[in-house]
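Chains as they are written, first to last, in the numbering used here: chain H, 1 to 264; chain S, 1 to 254.
For the record, the hints were derived by calculation from the structure and aren't laboratory data.
Only a predicted model underlies this, so the values are computations on that prediction, with no experimental measurement involved.
Careful: at least some of the hints might be erroneous.
Short, incomplete list of chain H residues facing chain S, as computed with Cβ under 7 angstroms [what the hints assert, rightly or not]:
{"no.": "1", "residue": "Q43"}
{"no.": "2", "residue": "L75"}
{"no.": "3", "residue": "F107"}
{"no.": "4", "residue": "R130"}
{"no.": "5", "residue": "W132"}
Across the chosen pairs, the derived CB separations fall in these ranges [stated by the list, open to error]:
{"no.": "6", "chain 1": "S", "residue 1": "L55", "chain 2": "H", "residue 2": "E154", "range": "17 to 27 angstroms"}
{"no.": "7", "chain 1": "H", "residue 1": "K181", "chain 2": "S", "residue 2": "Y47", "range": "38 to 48 angstroms"}
{"no.": "8", "chain 1": "S", "residue 1": "L55", "chain 2": "H", "residue 2": "Q204", "range": "29 to 39 angstroms"}
For each residue, glycine too, the CB sits at the ideal point set by N, CA and C.
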Amino acid sequence: METAKAADSSTDQKKGTVIAPAAVPVITIEHLYMRFGPNIVLQGFNLTVYKEENVVVLGKSGAWKSVLIKCVMGLLKPDKGSINVLGDDVTMLNDDDLIKVRSKVGFLFQVNALYDSMTVRENLEFPLRRHWIDLLQIEVDAMVKEALANVALEHTAEMMPSELSGGMLKRIALARTLILKPEIILYDEPTTGLDPVTAREIDQLILQLQKKYQTSSIIISHDMNCVKNIADRVILLLEGKCYADGTYDELAHATDQKIKQFFE
Amino acid sequence: MSLKTDTTDFLEQTGKISRFTGHFFSHGIKPRFEIKELLSQCYLIGYKSFPLVGLTGFIMGLVLTMQLRPSLVSYGVQSKLPVMVGIAIVREIGPVITALIFAGKIGSSIGAELGSMKVTEQIDAMEVSGTNPFKYLVATRVVATTFMLPILTLLSDAISLFGAYIGVNISSVTSLRFFFAQVFQSLTYSDIIPAVIKTLFFGFAVGLIGCYKGFNSTKGTQGVGNSANSAVVLSKKWKRQRQLIVQLIKRKEQ
Chain H
1 METAKAADSS
11 TDQKKGTVIA
21 PAAVPVITIE
31 HLYMRFGPNI
41 VLQGFNLTVY
51 KEENVVVLGK
61 SGAWKSVLIK
71 CVMGLLKPDK
81 GSINVLGDDV
91 TMLNDDDLIK
101 VRSKVGFLFQ
111 VNALYDSMTV
121 RENLEFPLRR
131 HWIDLLQIEV
141 DAMVKEALAN
151 VALEHTAEMM
161 PSELSGGMLK
171 RIALARTLIL
181 KPEIILYDEP
191 TTGLDPVTAR
201 EIDQLILQLQ
211 KKYQTSSIII
221 SHDMNCVKNI
231 ADRVILLLEG
241 KCYADGTYDE
251 LAHATDQKIK
261 QFFE
Chain S
1 MSLKTDTTDF
11 LEQTGKISRF
21 TGHFFSHGIK
31 PRFEIKELLS
41 QCYLIGYKSF
51 PLVGLTGFIM
61 GLVLTMQLRP
71 SLVSYGVQSK
81 LPVMVGIAIV
91 REIGPVITAL
101 IFAGKIGSSI
111 GAELGSMKVT
121 EQIDAMEVSG
131 TNPFKYLVAT
141 RVVATTFMLP
151 ILTLLSDAIS
161 LFGAYIGVNI
171 SSVTSLRFFF
181 AQVFQSLTYS
191 DIIPAVIKTL
201 FFGFAVGLIG
211 CYKGFNSTKG
221 TQGVGNSANS
231 AVVLSKKWKR
241 QRQLIVQLIK
251 RKEQ
């Protein structure tokens, strides 16, 4: 119900749906072009993500979906086009300004990317200490505690990442992403490699934390359960372009064969 | 065709390493400095390498003395053994062997560590966390290797000389004081200082190449393995080339 409502307020104009006045764009990607050697990764990709909206970018494996969110985070520089994140064009920012934008954007990596030489606590403290230098230890401790409580893993604070299971690692990575209380979160295949039960738990956790912190998200995925559970809006990335844009139900009932193959 | 490819690869690699070095000087050694990580790396690179370097130094001094002694005895100049061993160790053998061990141990570990961080996206995660990974990972390691290798070399030289003293005492009796007095009488600052300065460059090259290989590691475990391996091979190649150039310059000066 809620999903449908959110999607209504933000569905692309191409589909003929009117954007509600309350919908504030937080990410605007315009005419994005990128290539790696002979591979054309993105060719004129456009996307707008609105406040508190979950947009899932769907595509085949190897469709360079992750490249898109890495460009949004400023980890990769596109050849052409603009990416406006919370009012700043990240393609034009210098390193210092990019750090400021990154403090408002979280990124959940596909392989979790927890620092394996650090304990869970140190992993969570790392972004805090980097972005908010003046924090007192007592404040840091409280934030780490809250982050671990959010993912129900308080007992793992002193453990090393190598001692945790795949699902626990994903939760800790999510806790690390959320510890700075970002306005936007970019998820790179959050449920890949997890069993269906754990994947569902992660989906629920993402939704629950999104409600709690009122974040907007871009989720890269080809796990259709995850798409169905999380998406307010689904974007189909094909041949470097936004091939389709709509709610899960709209795309699930599409007659276009290229769209249909994802939902069969 | 193969020569053309080899030349192109060599030039490409040289260009990339030069750019990496340029980036180190233009971005790596600017404030804010990562002092805590630098100290941690000095501990890991310097202190943790000491047992291996020390043991090798001891064996080197002992064996060198035992192998040289019969030849010197045959010429009746065995009394010159401390002088000969001292000069050989301090001028060349100490720095070279320590640098080779250092390249093998530290170059490969830096290459493997950064390579695995790269393929598991930990370097990207660091960037996302508001940290410049070049400063945090590369600058700290390169500075640590640059300053730790000379210190390790001096310690290794000292242990090597002690090993030489034990070697001398296996077949004759010499006091520790007399042995070291003879060694230091024959050594001048021009023997010690250039050797130490040389290791500064070796240390820099080991750290830089290890980091370069790790940072440019390709995806997968094989890529990490290759980074570790090629970091050592390239460091040793560089070291040998530098050594050769230094020797050629010295010979020309003489």
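Status of each hint after checking the structure:
{"no.": "1", "hint": "Q43", "in the structure": "24 angstroms, violated"}
{"no.": "2", "hint": "L75", "in the structure": "5 angstroms, holds"}
{"no.": "3", "hint": "F107", "in the structure": "5 angstroms, holds"}
{"no.": "4", "hint": "R130", "in the structure": "4 angstroms, holds"}
{"no.": "5", "hint": "W132", "in the structure": "9 angstroms, violated"}
{"no.": "6", "hint": "S:L55 / H:E154: 17 to 27 angstroms", "in the structure": "45 angstroms, violated"}
{"no.": "7", "hint": "H:K181 / S:Y47: 38 to 48 angstroms", "in the structure": "39 angstroms, holds"}
{"no.": "8", "hint": "S:L55 / H:Q204: 29 to 39 angstroms", "in the structure": "56 angstroms, violated"}
Taken one by one, the earlier hints fail for this structure at numbers 1, 5, 6, 8, listed in ascending order.
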